[in-house]
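As they're listed, the protein sequences go chains U and R.
Residues 38 to 454 (the numbering used here) are what the first sequence spells out, left to right.
Residues 38 to 454 (the numbering used here) are what the second sequence spells out, left to right.
Keep in mind the hints are simulated off the structure, nothing from the lab.
Watch out, some of these pointers could steer you wrong.
Since the list gives no way to pick out one identical chain from another, each pair is judged satisfied if it fits inside one copy or across any two copies.
What the hints assert, rightly or not - Straight-line Cα separation of at most 16 Å, EDC-like style, residue types lysine to aspartate or glutamate; simulated pairs:
no.: 1; residue 1: K175; residue 2: D148
no.: 2; residue 1: K175; residue 2: E309
no.: 3; residue 1: K281; residue 2: E429
no.: 4; residue 1: K399; residue 2: D104
no.: 5; residue 1: K175; residue 2: D189
no.: 6; residue 1: K378; residue 2: E112
There are 2 protein chains.
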Amino acid sequence: MVDPLHSRAGELDAADPLAPFRERFVFADDLLYLDGNSLGRLPVATRERLRRAVEVEWGTGLIRSWDSWIDLAREAGDTLATGVLDASPGEVIVTDSTSVNLYKLASAALDARPGRRVIVVEDDNFPTDRYVLEGLAKARGLELRTVAVHIDHGVQVEDLTGVLDSDVALVCLSHVAYRSGARADMPAITEAVHQVGALMLWDLCHAAGAVPTPLHVSGADLAVGCTYKYLNAGPGAPAYVYVKADLQTSITQPIWGWFGQRDQFAMGPDYEPAAGIQQFMVGSPQIFGLMAVIEGARITAEAGIEAIAAKGAALTTYAIELFDEWIAPHGWALATPREAKQRGAHVTVHHPAAWQVTQALKDAGVIPDFRTPDRLRIGFAPLYTRFEDVHEGFTRLRTIIESGSWQGYSTARSRIT
Amino acid sequence: MVDPLHSRAGELDAADPLAPFRERFVFADDLLYLDGNSLGRLPVATRERLRRAVEVEWGTGLIRSWDSWIDLAREAGDTLATGVLDASPGEVIVTDSTSVNLYKLASAALDARPGRRVIVVEDDNFPTDRYVLEGLAKARGLELRTVAVHIDHGVQVEDLTGVLDSDVALVCLSHVAYRSGARADMPAITEAVHQVGALMLWDLCHAAGAVPTPLHVSGADLAVGCTYKYLNAGPGAPAYVYVKADLQTSITQPIWGWFGQRDQFAMGPDYEPAAGIQQFMVGSPQIFGLMAVIEGARITAEAGIEAIAAKGAALTTYAIELFDEWIAPHGWALATPREAKQRGAHVTVHHPAAWQVTQALKDAGVIPDFRTPDRLRIGFAPLYTRFEDVHEGFTRLRTIIESGSWQGYSTARSRIT
Chain U
38 MVDPLHSRAG
48 ELDAADPLAP
58 FRERFVFADD
68 LLYLDGNSLG
78 RLPVATRERL
88 RRAVEVEWGT
98 GLIRSWDSWI
108 DLAREAGDTL
118 ATGVLDASPG
128 EVIVTDSTSV
138 NLYKLASAAL
148 DARPGRRVIV
158 VEDDNFPTDR
168 YVLEGLAKAR
178 GLELRTVAVH
188 IDHGVQVEDL
198 TGVLDSDVAL
208 VCLSHVAYRS
218 GARADMPAIT
228 EAVHQVGALM
238 LWDLCHAAGA
248 VPTPLHVSGA
258 DLAVGCTYKY
268 LNAGPGAPAY
278 VYVKADLQTS
288 ITQPIWGWFG
298 QRDQFAMGPD
308 YEPAAGIQQF
318 MVGSPQIFGL
328 MAVIEGARIT
338 AEAGIEAIAA
348 KGAALTTYAI
358 ELFDEWIAPH
368 GWALATPREA
378 KQRGAHVTVH
388 HPAAWQVTQA
398 LKDAGVIPDF
408 RTPDRLRIGF
418 APLYTRFEDV
428 HEGFTRLRTI
438 IESGSWQGYS
448 TARSRIT
Chain R
38 MVDPLHSRAG
48 ELDAADPLAP
58 FRERFVFADD
68 LLYLDGNSLG
78 RLPVATRERL
88 RRAVEVEWGT
98 GLIRSWDSWI
108 DLAREAGDTL
118 ATGVLDASPG
128 EVIVTDSTSV
138 NLYKLASAAL
148 DARPGRRVIV
158 VEDDNFPTDR
168 YVLEGLAKAR
178 GLELRTVAVH
188 IDHGVQVEDL
198 TGVLDSDVAL
208 VCLSHVAYRS
218 GARADMPAIT
228 EAVHQVGALM
238 LWDLCHAAGA
248 VPTPLHVSGA
258 DLAVGCTYKY
268 LNAGPGAPAY
278 VYVKADLQTS
288 ITQPIWGWFG
298 QRDQFAMGPD
308 YEPAAGIQQF
318 MVGSPQIFGL
328 MAVIEGARIT
338 AEAGIEAIAA
348 KGAALTTYAI
358 ELFDEWIAPH
368 GWALATPREA
378 KQRGAHVTVH
388 HPAAWQVTQA
398 LKDAGVIPDF
408 RTPDRLRIGF
418 APLYTRFEDV
428 HEGFTRLRTI
438 IESGSWQGYS
448 TARSRIT
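Throw the hints in and build the complete structure from the sequences for me.
Below, the structure written as structure tokens:
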């Protein structure tokens, strides 16, 4: 008996213009990896470059290699700016972690809006965003105003009605929500924020490399994001900051390190911020991580973010179709917008048994992840996920649910979820 | 004709208990590398571990490898605490860059001394220390009081007379000065700082892995340091923070990220700092860098910091002897203390031609480094530098100076020095 849903996977894979990009990544076994939204796969080019960087550039070149290493943060930023994000060279630099970058940009934004006493954040924003802003609000005696957002739908411009006013200094939202995958309307929200004279800071972690991030189109002021998800730069690879060109001379970030200093090796007596995006660096950058960002960003740029987003939409649409057909009848609910333009490249479903089912899936050779309170999150990295993989992953999920085999797994959460 | 100075190099190498450690590092050619104080050599164990980490743990294990990665920052901190620094497990964690860590600890210290309006720093402290503190002083309206220090001798406890008073919240000094190699008397200075009720923050960058850092003995409150110098963890490897155990519950660092959160994966609504040293983390740590720190720290711990310091003293003593004999007569001056206990493992000499001579040395296969304004800085990493290397390096330096070949080099500084 032919399964028409399965046949379609084959047709979609056969017609997929990004199919050749799968070969650019390391596949050592037949694991069904549906968690590229959390940690992307290792690109072959990155494996080769890191080996050479460690063994030749560090091992043999030693300190002399800094002649080329010194420009990597800027090169990585420009590669992201022009090939992945909607930005210009000189508007993005790769440095520090997302959390530290959030702190730097949010501090700078608050300094640029003296007298305004409110920071706005969505209540379901990624924890580190909320915590960083909570710390800043507490230190400065400001109000942290949260937008109550339905966790399955993400923040809408309408949610900001009654929240935005002339007291607001800064609004920080995720472009794609980590839990639901809901994608915010960046241009509409940025416009609403600008109408009250506040600055807009976007967290692009779950968006960059999956969907277009219309920074220029929307006039966004500031953005941060990580590189280890859809950008495939590896665990703990450095994050990036985006600062709109015309803001770069009017804001100052608070951590005055020697890599943000003009004429760094003069080692002069007083801090004078470097021109442009360089001032948003702080200390010595992690060199190997910068190389991994460059390699990951290059692959994304070569594939093209529009093509990636189109495949992401098709993968998630197909996944939702399988979900509706096979999983929903068992009492599971979709926690991701049905409209492709309103989501990123991951799909989240929920059910009280989600944690146990997550464990059963891993034992069945499928890697998704789990998010509190009861969410099974399934990522479809467009560069290397096949429609066939989606079909097979959902087939195994269906088997686990229909057989009740998940009941053999503990309800006790592990330390890392 | 037998050169007695050369014979002694052979005798010292033959008697060196650390000589076998040289084999633990990668040597691909006969380069005379005398810059381990800036970027340490690649350990063989690190090369192997990084290859495996990238290709197997990331490449194949993917997100599942976080089960072991999650503890690396703490493991690296404990390895440093017990094997390199004079600290206890749970007092050190590896995270971020030195500059970001300085910011976190200095901010926390200032919050812990409300009402006090002075930060003290030496005027020849490493630039990033001065800049970070300058930024904090400006943001908080505090006074940055600089101790004028002779750049060849480093800060003495006597230099603090008239500087320390009950207005001082925080004193930040380098244990070993980056420019001169002068080693500060950590116990005496810490005691003087505590007598006025201020907190003491030590920068261990140029000390850790070269000399003992008596944190416990001195009662030091806080410390930071990098890992890419004598700890051989590679370019941009993560830095560390030390927070004295009994201070950990009474101070709070300002950057509230999800890796500093208690029960991180609950992703709860409000920030609650993790117990102990964990609260000094912020965002996702660079995993490969943490592994390199662990491997580098292990080698240091195995050799023993006392044995390393003893060899460092012997290497620098021998270098100064060669300098006095061969180089000083040509108008060069020593810019490092002559008493071994008052210096680290690098020796600095100065002369108006230092920049040109530095370039000539590089062309002669010897790698030192240069520091403004006219300093030739020569590092002797005890784990892999031989007395023979010191003799050969100074022989080539002598040839360059006596022949005047350095005059063929440009006085124009390169971008990186």
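These are the hints, each one checked on the structure:
1. K175 with D148: Both. Shortest intra-copy (15 Å) and inter-copy (12 Å) distances satisfy the 16 Å Cα cut-off.
2. K175 with E309: between (28 Å within a copy, 13 Å between copies)
3. K281 with E429: Neither, since 43 Å and 53 Å both go past 16 Å.
4. K399 with D104: So K399 and D104 pass the 16 Å test across copies only (14 Å; inside, 45 Å).
5. K175 with D189: Neither. Shortest intra-copy (29 Å) and inter-copy (44 Å) distances fail the 16 Å Cα cut-off.
6. K378 with E112: neither (31 Å within a copy, 44 Å between copies)
Of the numbered hints listed earlier, those contradicted by the structure are 3, 5 and 6.
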